[in-house]
Amino acid sequence: MVERSKVRVLIAKPGLDGHDRGAKVIARALRDAGFEVIYTGIRQTPEQIVESVIQEDVDVLGISILSGAHMVLIPKILRLLEEKGLKPNEDVLVIAGGIIPPDDAQELEKMGVAKVFGPGSPINEIINFIDENLPKLKKFRGS
Amino acid sequence: MIDDLIERMLKGDKKATARLITLVENDEEKAREIVKKIYKYTGKAYIIGITGPPGSGKSTLLDKLIKQARNEGLIVGVIAIDPTSPFTGGALLGDRIRMQRHSTDPGVFIRSMATRGSLGGLAKATNDAIKVLDAYGCDIIFVETVGVGQIEVDIVKTADTVVLVTVPGLGDDIQAIKAGLMEIADIFVINKADKEGADATFFELNLMLDLEKEKWERRGWRPPIVETVAVTMKGIKDLWEAIKRHRKFLEESGEIDKKKKFRAEEEVKTIVSDSVARKISEKLKDKELSKLIDKIVKREMDPYSAAEVVLEETLGVKI
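Chains as they are written, first to last, in my numbering: chain Y, 1 to 143; chain X, 144 to 462.
Calculated from the structure, these hints are not laboratory results.
A couple of the hints might just be wrong.
To give an idea of the interface, some chain Y residues facing chain X are shown, with a C-beta separation under 10 Å as derived from the structure [what the hints assert, rightly or not]: (1) 37; (2) 51; (3) 133; (4) 134.
Treat the numbers as computed from the prediction; the structure is a model and nothing was measured.
Don't be surprised by glycine CBs; every beta carbon is placed ideally from N, CA and C.
Working from the sequences, and respecting the hints, build out all of it.
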């Protein structure tokens, strides 16, 4: 397992909804699990999020979105990451959470989101998923 | 791999720069190699420390100062430090929230950093991360400490100008004359100066500074007190001007050279003592240590004698 205290996670809230209780709960839970969590606040553009991923050199990007604009904003984030030479799930593990219907979730997982966590997802499930999938990233292979 | 990253960093690649900062944070051996290779490209950046208690508005002030610096065309680096939990090793780094509007500015590089066990207000890798941003091409680097109390004064060993941010209503004039944090400021800021008690805070700080009139006259610099309301921009231009005045003072008086010497000395001492401590813990076998500890507990040996044994057996040093 990759040592959690050296794993950096960015929790990002794209778009216009200001409901960040969920994002804060996740950020706090990941902190308590021993990760280094960077929270960038509400109303972020995809460009700001991708720049933060780069400057903070994060290993995990967690996107929280409740506005319904997930099929616009998340694909845009994925595209910008690729443009900057960051392959989702090769260079950075991308997960998402919020109000995302199952059909859309499936679609997003095809596009490169490693997993979509719906409302009611147990925190431990998210933590386990991160632990299990980090070793698949290029930088952790062999560790 | 490191040579390739350095080459890309020198060309202005933010991804490579970010990766190098991660490496100096995570891996002592790599930090050593990286600093040895980039040191010749460093020394150009001016370093401004922002310190003060939690919630005093350091990040918000910093956001406004970045703007001032960008207006003058300067390339800006920011290292913002937040605490690591001593219980879980995790951290929640939230300084960036206040500065996100600068995220997409090509002339700004913001990096959040966790203390990872350091207690002086900075992280252990802060100095090395500064070197990376310096080599990358930053003209100025802001270092925001964790929210501090009274003795977290490591920033004075790192920054050229230390800005101490306080807010009205934190304490009376006795707090202002206590030792520690209040002694390290080159510039005082009373942020949230629209709140009740700002005048009293201003008065008390002034009184404190007046007690050392001769020292300031000898030195040629009396720390100015700037009142700001960061969210409305009030006083920000004055603060930026005060920082520039302090820089000019350091350069013209030659104090900057003294600071550089002091800083280099402190850095070497820290590296030496860290390396020695690491060597000892590498060489010291758990079994031997636990034998010594049993003896101390049974009062067969005192802690000083045990330490002498450890030093002699691991490093061959007699004290």
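Evaluation of the provided hints:
1. 37: 5 Å, holds
2. 51: 4 Å, holds
3. 133: Result: violated, 18 Å to nearest chain X Cβ.
4. 134: Since the shortest Cβ distance to chain X is 14 Å, the answer is violated.
The earlier numbered hints that this structure contradicts are 3 and 4.
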